[in-house]
Structures are given as C-alpha cells and as structure tokens.
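Chain A is fixed; fit chain D onto it per the hints.
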Amino acid sequence: MVILTKQEELFMLTIFRLQEPAYLVNIRNYLFEQTRKDWAFGSLYITLDKLRKKGFVETYTGKPKHTQGGKAIQYYRLTEKGLRMLAEAKRIHDVMWKGFSFPLSKKISANER
Amino acid sequence: MKDKPTSPRLAWWLFRKFIPLNERRYLQQAMLEVFEDLYTRKSKKAAWFWFWGQFLRSLPALLSNSLYWSGQMFKNYMRITFRNLKKHKFYSFINITGLAIGIACCLIIFLWVQNELGYDRFHKNAGELYRIVQESPQGGKVFHITVTPSALGPLLKERYPEIVHFARHTLTRLDMGREEIHFRESVALVDGSFLQMFSFPLLEGTPQAALEDPYSIVISEEMKEKYFAGEDPLGKTLRVSENVDLNVTGVMEDIPKDSHLQFDCLVPFKLLGESGFDMNDWGNNNWWTYIQLTEGASYQEVEAKISGIIQEHVPKSSSVLHLQPVVRIHLYALDGGGLITYIYIFSGMAIFILLIACINYMNLSTARSANRAREVGIRQVVGANRIQLIKQFMGESVYYAFFALIIGLTILHLLLPTFSQLAGRPLSMDYSISMILVLIGLTLFTGILAGVYPAFVLSSFQAIGALKGALKSKGGRVLFRRILVVTQFSLSIFLIIGTLFVFRQINFMLNRELGYNKENIVCVPMRGQLYRNYQVFKSRLLENPSIISMARANTTPDIKQSSIADYGITWDGREEGDNFSGINIMGVDADYLKTLQIEMAEGRFFSEQIQTDSTDSWVINEAAAEAMGLKSPLGIGVYWDEYKGKIIGVIKDFHFSSLHEEIEPLLMRMNWGVDNILVRIRSDNIPATIGFMQKTLKDLFPHSAFEYEFLDARIENLYRTEQRMEKILTFSTIIAIFISCLGLLGLASFTAEQRTKEIGIRKVLGSTVAGVVFLLSKEFIKWVLLANLIAWPVAYLAVHNWLENFAFRTRIGWEIFLLSGCLALVISLLTVCYQSVKAALANPIDSLRYE
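Protein sequences, first through last, are from chains A and D. Counting in this note's numbering, the first sequence runs from 2 upward without gaps. Counting in this note's numbering, the second sequence runs from 208 upward without gaps.
You may find that some hints are simply not true.
[Said to hold, decoys possible] Straight-line alpha carbon distances no greater than 27 Å define the calculated DSSO-like cross-link-like pairs of lysine-lysine that follow:
hint	chain 1	residue 1	chain 2	residue 2
1	A	LYS99	A	LYS51
2	D	LYS293	D	LYS767
3	D	LYS364	D	LYS433
4	D	LYS464	D	LYS433
5	D	LYS767	D	LYS801
6	A	LYS99	A	LYS82
7	D	LYS252	A	LYS38
8	D	LYS293	D	LYS282
9	D	LYS249	A	LYS38
10	A	LYS7	A	LYS91
11	D	LYS251	A	LYS38
12	A	LYS55	A	LYS38
13	D	LYS282	A	LYS55
14	A	LYS51	D	LYS282
15	A	LYS64	A	LYS54
16	A	LYS54	D	LYS282
17	A	LYS51	A	LYS82
18	D	LYS296	D	LYS1045
Please keep in mind that the hints were generated in silico from the structure rather than gathered at the bench.
Next up, chain A with everything else stripped away, as it sits in the complex (with noise of 0.2 Å):
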C-alpha cells in the first residue's frame, strides 16, 4: 500500500487545481500563495520527478513559446493512477480527520473516560 507524503499530495493537488499547464513556476508560485512556504526549485524538481517515475505524474513538452527564449517547457499533469491515488488518499484523510476539533469537543472527552 502506497501512502503518499503530504508533500507529494500537495504537489498533485496542485497540478490539478492550477487552471492552466502545471510547469515548475506556477506550480511553485501557487503553492506559495497557499502554504507560505518558498518552496526551492531543486526539492520540487526532484519530488515532481519521483512521482513521475512512480507513474501518478506524467509529462508533456509544450510548443515552444517566444517568451521562453525558444525553449520547449515541461508541463506536468496527473495520470489516471495518479487521481486514483488522490482519491485514496482523500478517503483515507477523509476517515482519519472525521469529528477532529480542537479543543476537543465534550461530546468525544466524555466518551474517553
């Protein structure tokens, strides 16, 4: 069973929220917006390139653009697995989160003494 690190969810998570082609820039730039964490290149690089390799990520070269110096870029997008997995983990998260509060609620305190 493959759990996946939060890391990794919030990377795919990511992909699959961004409206436009997920490339490293804007997927860093909208994990920014969301965690506040500056996220470095090389760790994002290198987790993006793991998922890949474990099939849940795949990629794709876009035309190249003129602003990119002529360069092709390399978009990231979701495989079936990959959503599979996202489901899983959000049932497992989903099951593991469910009547969470804190503070605690009375309700669960009284039930555990």
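Quick look at chain D alone, frame taken from chain A:
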C-alpha cells in the same frame, strides 16, 4: 534588450558539475524565468540574492538524488566486475596474481628503503650532527678519510661559536673481566659530551656526569646482564685488559640496529690522557671527530671556515676538511656511490616489476576487449557517455588492484622473514596511518596505471559496431600490445643479464688468485698477555701437527690499515716532483711469507736469524718497486720518520685489500705493530684444531677469551653488499620473469582461443600438430627476439657502469647476453607451448561443429 539579465555564472557552473543534463534543463528554465521576472520588477541585487538562495537550498535534494543514482551505478559496476572475475577465472587469476606480486614487491622494497633511509635519524639532534672528514688529493686521485687528528676537536669548539659540542671517538676491542666472567667487548673511547650529542638513552646515570671521571665506564644493558646479572651495577668495577679498573657510572639501552655507531660500552677519552697519551696531537689521524652545530647554523658556512685548519698545523698536508652530516654516513660513500646506489637500483626494480604486472593487465584487458564490446554498446545506447565508461573501467582496474593488495599483503607477511634475512635488516610491517595512506596510494596508482589504457580502448567502441559484433581488432591496438609485450620481455632480459653478471663478478672475486693462499687460515687478534708471551703460545701451538705455521702482522690481509703520504717518505735517489702518491705500510714477522704462501720476486724475506732485519730492513712489493721507479730495488735505502733501512727483498704482488681496489704499493717492516696472529692449519679436522687452540690459550692465560675468524670468511665479508645484491636481484628477476610469463600465458591462451576455427580448418586440410604449434608460437618468438635486441645494449651499458666500481672485473662476455636471450626464449616457449599444443591437439570436429 540593453540590460539583458545575467544570472550568476558560478552557480550555473556548479549546477552543471553536480546535476546530470536531462534534469538540469527544465529546472534551469524555470529558475531563469523567475529570476528574469525579479530582475526586471525589482533589482539586480534582489534577483541575484534570490537566485543564490534558491540554488543553495536546491542543492541538498539534487545532490542526494544524484548520489543515489551514482550509488546505483556503482553497485551495478561492482556486480559486473565480480561477474567478469568469476566468469573468466583464469584471466582474473593471471591479472590479480601479477598485480599482487607486483604490489608485494613494491611494499617489501619500500619497507627496506624506509629502513635504510631511517638510519641514524633517532638522535634528537640528528640534523645538527656532523662528522669531520678529510679530503686529500694525491697523485691525481682524491682520497677521503674519516679520521682526523686528536687536537682538532677541542680547537674547533674553542674557535667557533656555532659548534656547541665536539666528541672524539675511536673503537677498540678489549678484554673485560669481573671475577670469573671474561669477554672481549667492543669499547668506544669518547669525549664526555658524546652522550649529550647522540641520543643513546641511559637507564641509569646521567648523560652529563656519566663520563666525567677518567676511570668510569658506561655499559649496555646486554653487558649489564652478562657481568652483573641481577645486581645493581652502579659503582661496581670492571677490569679492563687485566690491569685497569673502571667504575660503572651508567647503563645505556642497547644500541639500536639502525645506528652507524655500534659499541658495547663507553669509556672516557680522558683515560688515554691518564695513560700518558698526547691528547692534543696533530700528527696522527686516528680519531673520528663529531661536532654538533647550533640549531639553524649553516653547515656550508662552518665548512668553509674550517676547511683549511689542518694546514695551519701541518703545513705540508694537502688535506681539506669537510663536514659530513651524520644522517648521510650510512647512505652515501664519501667518494660517491654507497648504499644509495643500491636503493635507487632496487626502487627501480620494484617499479619495473609493478610495471610488468600492469602491462599484463593492459594486454589481457585490451586483447579480450571483444568480450566486453556488447556491454559497452548497450551502455552507450542507454545513454552512458565516454567519461562514464572510462570511469567504469578505471574503477574496475582499481577493484582488481584492491584484491591484489589483499593478496599482496598476505604474500608480504609470508615473505618478510625471508627477506629480512636477505637484506640483513629486521623489517616489519606496521599499519600506521601513514602506512595505510601508502597502501591506498599504491593501490590507486597501480589500478590507474593498469586501467587507463584499457579504459580508453574500451570506451572508444562505436555502439553500432559493438552491438553488431563486427568488432575487429584495430591494427594500432595490436601494435601497442606487441610493444607492451616486447617492453615486458626487454625488462626481464635486462634483469637476467644483470643478475648473471653480478653472479659472475662475485664468483670472479671469490675465486681470483689473490697472490697468497687464503684457505685454512685462522685469524686471532693479539691482546693483553699474548703480546709478551707470543713465543710461548706459538711454540705450544706448533707442537700440534695440525698447525702448520703461524705469523703475526699488523692487519689481516683482507683490509689495509696504514699508509704513508707521499711527503712522509723518501728513498735514495728520489726525485723532486715525481708522481709517487703514497704507500701502504704493513708490519709482519718472519713467518708471514711462509704462512700465507706468498712468493718472492727478488731478494729474500725477513729472517729471525739476522739481527738487522728488524731494525733496518724493508721488503716491498712489485707495485712499490714500480711506483718508486726502482729498476734494481735491492739495497736502496728508504726513510720514514725514525724508521730507516735498506730494501732486502721484493715480494710478488698480492691483494691486501678488496678487489674493488688495485694492488697498491706496499712497504713491509719486520715486527712493526703486529697485533694479529695468522695460523695456517691443516684442512682435515678443523674443529679439533680450533678446540686445541682455544684450550692452549686458556691454559696459558685463564682470563682471556678465545676469539677467531677464518680468513676466507673475512674475505667473503668484503663482498657482502654485492652478495646481498645478488640475492635480491635473483629474487626480483625470478619474479619479473614469472609475471611476464603469466602475461604471456594469458595472451597465448587468448590467441589460441581466437584461432580455434582456423586451427580446425588447417588440421582438416592436413596440417600437422608441429605445424600448428609453430604457427601459434612463432609470433611470440618474434617478440622475444626483438626484446633481446632492445635489452642487450641497455644491459651492456648498465653492467659496464656497475663493473666500473671494481678494479678487478670480469670480462663482459657476449655469451651471457646470448644465454640470457636463450633463457628468455626457452621460458617463453615453454609457457606458450602448453597452450599451443593443447590447441593443436584439439579435435577439429569440436572446433568446427557450429559451422
């Protein structure tokens, strides 16, 4: 676009170093995009700052990733190496054995060199200690002597502030006794400062005070055990020469083996003064003078200051003083050469052997490169670049070298005791940090040396050709391989020739007619009471029929001892300015001629019956007659100090020193300083005769120990260095040949393997076994013959050079060259033969059935 944003170049360069291309590309792009954005929106500084921050934070992830993949590749390379090693056991065996022996040889020789270079370095002030030597030109030659007048030391100390200490030193052997214990010990007479200059640690007593009193003695631990077993020796007395009592004032640790100064005990120099000896004399050259300079003093300056001192006191002398660093005494002979030559020769040999082993590896790996071609092809197709392939194959050879190191260390430990004996030094292997560094360095060096050429060859394959299997050996490579084999065999033949000549020269020296009969002569040093009672001793001994005759002389005939400088002597009719260059002087008694069986050329020898023989007669040798320019020497008067007289006879030349030297002029005086007894005995039942001599001596003088040596053993000792060299050379040569043959065996079996089909077809078409064997061997014969042609001239020069060291040398005969060549040829043929015959005998059905 006038201010096109430029990103930090250094960061990119580092990026390129660490991260493989395919990963770098998109990452780079993305980072540049943000960078350019920052650059235009904010400032150059902010962009740069951001960029470097990004770069540094990215590194750990990127690095660990790339390390992970290197690790994977490393595992793969290891696995492939092991598989190859196991699959081709025979070739791996040849490679690893060769390298292992090569490494073991290098290590052994390294240990030996380290040991020799470490001589005399244990003294705390080793760098500031010097011995004063004299250099004097005489008759066109320069003579070096290490002894100096006794007055020199004190004068130097007084005159030059740079000289902190001086110590005069001389060695003698004296009888020592305490109660019933009597031995003969080697005694060093030294000045008081000796123990402060040299670090011979005292177990008891202090270096400053131990030699203060003239009647004191510092003994070694070994001597303490002998004379004072279990007692405290301090304050007790030892009796020397049966008449002087000395107080033990110190006990020192036994002298280390790696010291050029060797003695059993120390006695103050002052003791000589007590016995009425002139301690400040310029006329004698009997003492070694050691000095210690202040730290940091330049020895060249001191040397320049003192060089002319002898002339101030002995105006006629032509000798110049020099300083010889104590740490160089063991290694460098004063007139050039010395042990250091052998150190160079043996180091060279170690490198030769390692080189031969590396050549084996190169040859086998490249010859068999076709086996690896597919692997290389596949690696290239999946994206390996040339650098990676080179790294892989270099790595492989380093692994091999590492295996070889392990086996080599085992060999080393097995051989070390034998080699210690051979070298005459206790060698040991300790695994200190520096030793381990040497081991690692040696392994890397061997691996890289062996692997660099195969790596370049293997990595240069074209993927398409390699995969198609259409790989042909390139002409250039085959040629290079041949050159390597020829080099290997040239080195081996060179070593064979060298060994044979050393062997021959030693035989030559040991068997040469010396002009006297050296067999069955026992040398007994004269001492104490023997001086006065020699005649009694002699008549007692001669009662035994096994003892033929006895004589006395000032020295044994293997070493010359005293000489007179050209200005010290004159004779009737000597002309001013002749090129006479001094003469050796020897004291003998009337029986010398008879005992050594030397022949007279003219006149007669000394005789007991003629009174004047011991007071005014000389005997000279033929060389002296010639050097003095005397046509008819008999009756000529010769004058040396208070010794005067007429020449009564000329003896035929005989060798009175080692064969390194010419026979020099010799002057003989009757009963002059005779303190060695030479006894000629019968060759049968030698032990009984020796026993008789010992018993007679004990009966006459109960307190003296009997000490004897055979003359021929002493003479053999003169050539100890050469004999040692002969043994080491033989050993290295055998190893070199063995490794070369291993390589040849590998190549031969490879060739036979490759030509299996050809041989099958030849046999089907009617070729004979002999024909096939010849076909397979002729190539190797060609190589070995070529190697001979290369090795001969080089070996000739080397041998010629080495023989220059000897005044009497064996002829450089062509037969040895021919013999060495034949030997190499026969050995290589035998090696190749097995493989060729095996291939030739194979049933053609087997070799052709797949077609």
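Proposed proximity, LYS433(D) with LYS364(D) (alpha carbon, max 27 Å): violated (37 Å)
Pair hint LYS293(D) and LYS282(D), alpha-carbon separation not exceeding 27 Å: holds (16 Å)
Given hint LYS51(A) paired with LYS99(A) - CA-CA distance at most 27 Å: violated (30 Å)
Pair hint outcome, LYS55(A) versus LYS38(A) [Cα-Cα no greater than 27 Å]: holds (25 Å)
Pair hint LYS64(A) and LYS54(A), alpha-carbon separation not exceeding 27 Å: holds (23 Å)
Pairwise hint evaluation, LYS55(A) against LYS282(D), where the allowed Cα distance is 27 Å at most: holds (22 Å)
Restraint check for LYS296(D) with LYS1045(D), where alpha carbons must lie at most 27 Å apart: Satisfied, since the Cα-Cα distance of roughly 19 Å is no more than 27 Å.
Straight-line alpha-carbon gap LYS249(D) to LYS38(A), limit 27 Å: holds (20 Å)
Agreement of LYS251(D) and LYS38(A) with the hint, judged by alpha carbon distance not exceeding 27 Å: Within the cut-off at roughly 23 Å; holds.
Pair hint LYS464(D) and LYS433(D), alpha-carbon separation not exceeding 27 Å: holds (20 Å)
27 Å Cα cutoff - pair LYS51(A), LYS82(A): It holds: about 14 Å lies between the C-alpha atoms, which stays within 27 Å.
LYS252(D) paired with LYS38(A) [C-alpha distance capped at 27 Å]: holds (22 Å)
Checked against the numbered hints above, the structure violates hints 1, 2 and 3; every other hint is satisfied.
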